[in-house]
Amino acid sequence: MRVYVCVKHVPDTAANIKVVGGSGFDESVKFIVNPYDEYAIGEASQLVKKEGGEVVIVTLGKASAMTTVRAALAIGGDRGILIKTDKQFVESDETALILKKAIEDDGGADMIFAGKQAADSEGMQTCYRLAANLGMPVATEVVGFSYAGGKVVVEREIGGGEREVIEMTAPCVVGATKGLNEVRYPKLPDIMKAKKKPVNEIDAGSLKVDAAGLVELVALEQVPERSNAKMLEGSVTEAVDTLVKLLRDEAKVLE
Amino acid sequence: MARIGVLIETNENSVKPANFGVLTAARGAGNEICAFVLEGDATAFQDDLKTYGVSKVIAVGSNDGDFSKKPDLQAASLVAAMKNFEITALLALSSSRGKDLLARMAAATNSGLGLDCIGVDLEAGTCVKTYFAGKTEATLKLSGDLFLCAIRPNAIEETEAPCDIAAEAFTADAADDGKLVIKEVKTSDSGKVDLSEANVIVTGGRPIGSKDNFSILEECANAMGGAVGASRVAVDSGFASHAMQVGQTGKIVSPKLYIGCGLSGSVQHFAGMKTSKVIVAINNDKDAPIFTKCDYGIVGDLFEVVPALTAALKK
Chain U
546 MRVYVCVKHV
556 PDTAANIKVV
566 GGSGFDESVK
576 FIVNPYDEYA
586 IGEASQLVKK
596 EGGEVVIVTL
606 GKASAMTTVR
616 AALAIGGDRG
626 ILIKTDKQFV
636 ESDETALILK
646 KAIEDDGGAD
656 MIFAGKQAAD
666 SEGMQTCYRL
676 AANLGMPVAT
686 EVVGFSYAGG
696 KVVVEREIGG
706 GEREVIEMTA
716 PCVVGATKGL
726 NEVRYPKLPD
736 IMKAKKKPVN
746 EIDAGSLKVD
756 AAGLVELVAL
766 EQVPERSNAK
776 MLEGSVTEAV
786 DTLVKLLRDE
796 AKVLE
Chain A
16 MARIGVLIET
26 NENSVKPANF
36 GVLTAARGAG
46 NEICAFVLEG
56 DATAFQDDLK
66 TYGVSKVIAV
76 GSNDGDFSKK
86 PDLQAASLVA
96 AMKNFEITAL
106 LALSSSRGKD
116 LLARMAAATN
126 SGLGLDCIGV
136 DLEAGTCVKT
146 YFAGKTEATL
156 KLSGDLFLCA
166 IRPNAIEETE
176 APCDIAAEAF
186 TADAADDGKL
196 VIKEVKTSDS
206 GKVDLSEANV
216 IVTGGRPIGS
226 KDNFSILEEC
236 ANAMGGAVGA
246 SRVAVDSGFA
256 SHAMQVGQTG
266 KIVSPKLYIG
276 CGLSGSVQHF
286 AGMKTSKVIV
296 AINNDKDAPI
306 FTKCDYGIVG
316 DLFEVVPALT
326 AALKK
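Respectively, the protein sequence lines represent chains U and A.
Take 546 as the starting number for the first sequence in this note's numbering and just add one per residue.
Take 16 as the starting number for the second sequence in this note's numbering and just add one per residue.
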């Protein structure tokens, strides 16, 4: 089977983000494979190991996203497709149309995995839009996956300690999150091998998709950290008594 | 003044309190609110909803049968209901179910969608959400067939606005393709408060040391009617389940009160709780970064401070 994993090139989650020009940011920070996508790559690799076939990494990003395609191929994957654009934030509607076109041009999917969201723009909707474009069922926030005889069974956490067990027909789109599998950190030989795997580079413009532009980023603003914490001194009893009093009377968050 | 739809999350025959902030956001400066429920009889929810300015509650069903196990049919039925009641903006709670349904609606129509939003301006057609896990906030302008926006639980303070309410049922003309069905809902920790909807959260980091030691956090949380969370390290060390993880790869929470016990205060953890109203830190390391970005701090051993806090709360 041919399994696609959609992977995004995002700033390291530990990086300091500095807003530049009202709706952009200083991109001279370290970029990584979107953390949720690592679970997607792991699950796709396990599926292909069992069922046979190939794992194809698909990334829409700037030319510099090649490092992320290689990093993804080191975690798992046989070849890559880098769809080049000049924007870091491509809205989900356009992203989903571009991914659909690239996947179809490449031969079409038997399964598609992705992370449940990008760690930068946190849109959480590309999986849904991609699935709708392809006429496939979709489930995200997936923490359990199995495949047998053309049927996919996933589990998704829905809060309060509950999990939904969902059955879908394949092909389908699965949005992965933490808990789906243990991320396998690539070893040096994996990284060396990944450098030699074929990566097809195409320009997003050449796919000629016509997106409606449903979401426009109007402004991006820095969120200041809190400062001047009140440190409560004295014995443990004194400190907690003061805390409870402050939470009731000053902060008014307790009754 | 506009007519705004709100998808209400119900729990058997009651309205989850987390919806009230969403209703307050939808009301804005005096919009007419239509509430939509996907289970039960609309009249059962009237009393809860009229307090928050809902003038009509509509129980949505489909003519393709029971849709409780078919999220795509629920979404298609809601799309039909929007058309029937001439609603172009729908808000919902940004819970797992709320996000999922709105995303299905957005994908099935041609609609702009904002999930996990912390603010909304219905007149301007914009919503505000975090980018980069709380380090920045983005204002998004949405366009398309419907304006769809899910609001992070507790992000908007609820205010009452009592009014008269009417209830009705609506049966949508919609069909399911049978490609996706919910087979069952497994309950692992029954009766626990959903972390993302809790008003108070007490979280343990690595120093908690074991699964059993979480009981001191539970006692403290129980004294405030709250829930217990865990840091990534505590989860990865096997002290707590992933469902309890707060942070970038766990739950995003926004309680009124967040008490971090033995947390260093990593960027990734703050990503999950930064919008809490009040943050308290308890850590025996006076140089822990969390003390530079909390509201109240106590330097001390969590095994002494937390039980003392529980006792003080019970006084």
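Please keep in mind that the hints were generated in silico from the structure rather than gathered at the bench.
One thing to keep in mind: the hints can contain errors.
Claimed, not checked - In the PhoX-like style, the derived pairs of lysine-lysine whose C-alpha atoms are separated by at most 20 Å in a straight line are:
#1 U/732 x U/594
#2 U/740 x U/607
#3 A/271 x U/790
#4 U/790 x A/330
Checked hints:
{"no.": "1", "hint": "U/732 x U/594", "in the structure": "holds, 19 Å"}
{"no.": "2", "hint": "U/740 x U/607", "in the structure": "holds, 18 Å"}
{"no.": "3", "hint": "A/271 x U/790", "in the structure": "holds, 16 Å"}
{"no.": "4", "hint": "U/790 x A/330", "in the structure": "holds, 11 Å"}
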